[in-house]
Amino acid sequence: MFLLTGKSNLLHMYMDFEEIYKTYWNKVFRICMGYVNDRDWAQDIAQETFITVWQQLPKFRNESSIGTWLFRIAANHCLRQLEKTKRYPREEFPLQIADQQETSNDENVNLLYKYISELPEIDRLIISLELEEMPQSEIAGVLGITESNVRVRIHRIKEKLSIKFATYEHE
Amino acid sequence: MNTNDFREMWNKQITTPQPSQEELLKTVIKLKNKNRNQLLLAFVSLSLTIIFILVIGYYIEPTLITTRIGIALIIAAILFYLFSSNSLLRLLIKDADQSLDVSSYLPLLIKIREKQLLLGTRVMTLYFILLAAGLLLYMIEYTRRMTFGFGLLAYGITTLWILFNWIYLKPRIVKKQQAKLSEAIKNLENLKKQLS
Chain A
10 MFLLTGKSNL LHMYMDFEEI YKTYWNKVFR ICMGYVNDRD WAQDIAQETF
60 ITVWQQLPKF RNESSIGTWL FRIAANHCLR QLEKTKRYPR EEFPLQIADQ
110 QETSNDENVN LLYKYISELP EIDRLIISLE LEEMPQSEIA GVLGITESNV
160 RVRIHRIKEK LSIKFATYEH E
Chain B
50 MNTNDFREMW NKQITTPQPS QEELLKTVIK LKNKNRNQLL LAFVSLSLTI
100 IFILVIGYYI EPTLITTRIG IALIIAAILF YLFSSNSLLR LLIKDADQSL
150 DVSSYLPLLI KIREKQLLLG TRVMTLYFIL LAAGLLLYMI EYTRRMTFGF
200 GLLAYGITTL WILFNWIYLK PRIVKKQQAK LSEAIKNLEN LKKQLS
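Line order of the protein sequences matches chains A and B.
Each residue of the first sequence is one higher than the one before, starting from 10 at the first, in the working numbering.
Each residue of the second sequence is one higher than the one before, starting from 50 at the first, in the working numbering.
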């Protein structure tokens, strides 16, 4: 009996995880992409995030929404990247050009992600979560700062990005 | 440009296809195995060292107990040196809970890194102390057979060597070993500042 319960718990967890994984993969990938602006690297961080999600899922207690909980893990994984050795820029791998063409975005999209990845680390996370339409109260919950602080910073970051785009268009 | 423009562009990013769930869980198992193997390796090297000390203690036939203690200390020093690698130290200290909010996570991570730094430095200090003490004890039996002058010379040279290690080599080795950790702590402190 005990064994059966254990197995069905694991099955539940597997199903819960499947749903989370499907719902959040694209969101987490975009946030990582905004942070590093490198597709392979972003995919690695997104994968690491979901590995931690799987490992920590039994400990999730509904104290926060699943989104806040998951984006905390993603944000912390992004911030830990600075402990790793810096990657080579993609230009050094000519073989991967074909791969890059398959995933070519609109020029403005590339610029947006480039500009975001040039911001200070915490600002990158704030604007990425904002663009994922996360309520400001939840962004505050992910970062552990006040909602008014989040509001002010989002405003400033958007101004910065607009200026960057405007200067680019004038060039 | 307004928020909606940004949002529209943001969502246009072509995401990479997600790896299959099975693929992802395989990685989880691999990670688990890697951790287990590291622990196993640490345990095996510890056991082998102890066996080695016992075997040597059994087979050599010094007349003085100081020689045996000296050899044991030297081997213990080597063991400590093996343990000073960061990956092994990381096994001894629990990682920070990644589901904490960033403002709680960063200080915790900094604390853990500082702990690793301190532990690494302490291990190195202990290594040099054990090695020096082991060497000096080991020499007693053999210098007793020499004339007083030669004995003094032998101890003088050894002491000089130990001082050279302590004053010159140890700080350099510690600095080099811990450079990555110190760098990580500095970077994390910078991140923490961005939060206030």
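Hints listed in this document are in silico derivations from the structure and should not be mistaken for laboratory results.
Careful, some of the hints might be misleading.
[Unchecked claim] Label pairs and their calculated CB-CB ranges:
1. B:I178 to A:L19: 48 to 54 Å
2. A:E116 to B:K164: 33 to 39 Å
3. A:L120 to B:T174: 48 to 54 Å
4. A:P129 to B:K83: 42 to 48 Å
5. B:P68 to A:Q65: 15 to 21 Å
6. A:K93 to B:E190: 27 to 33 Å
7. A:Q64 to B:G205: 55 to 61 Å
8. B:W210 to A:L19: 47 to 53 Å
9. A:L120 to B:L168: 41 to 47 Å
10. B:N53 to A:L91: 28 to 34 Å
Think of the CB as a built atom: it goes at the ideal place given N, C-alpha and C, for glycine as much as any other residue.
Range first: 42 to 48 Å. Now tell me if the beta carbons of P129 of chain A and K83 of chain B are that far apart.
34 Å, violated
Mind checking the hinted window 27 to 33 Å against the Cβ distance between K93 of chain A and E190 of chain B?
51 Å, violated
Looking only at beta-carbon atoms, does the pair Q64 of chain A, G205 of chain B fall within the given range of 55 to 61 Å?
57 Å, holds
Is 33 to 39 Å right for how far apart the beta carbons of E116 of chain A and K164 of chain B are?
With Cβ atoms ~47 Å apart, the hint is violated.
Do the Cβ positions of P68 of chain B and Q65 of chain A conform to the proposed distance bound of 15 to 21 Å?
19 Å, holds
Cβ-Cβ distance between N53 of chain B and L91 of chain A: within 28 to 34 Å?
32 Å, holds
Could you say whether the range 48 to 54 Å given as a hint is met by the Cβ separation of L120 of chain A and T174 of chain B?
Check passed, 52 Å falls within 48 to 54 Å.
L19 of chain A and W210 of chain B - C-beta distance against the hinted 47 to 53 Å
59 Å, violated
Using the C-beta atoms of I178 of chain B and L19 of chain A, is the stated range 48 to 54 Å upheld?
At roughly 50 Å between Cβ atoms, L19 of chain A and I178 of chain B fall inside 48 to 54 Å, so the hint holds.
Note whether the CB distance of L120 of chain A and L168 of chain B lies within 41 to 47 Å or breaks it.
46 Å, holds
Taken one by one, the earlier hints fail for this structure at numbers 2, 4, 6 and 8, listed in ascending order.
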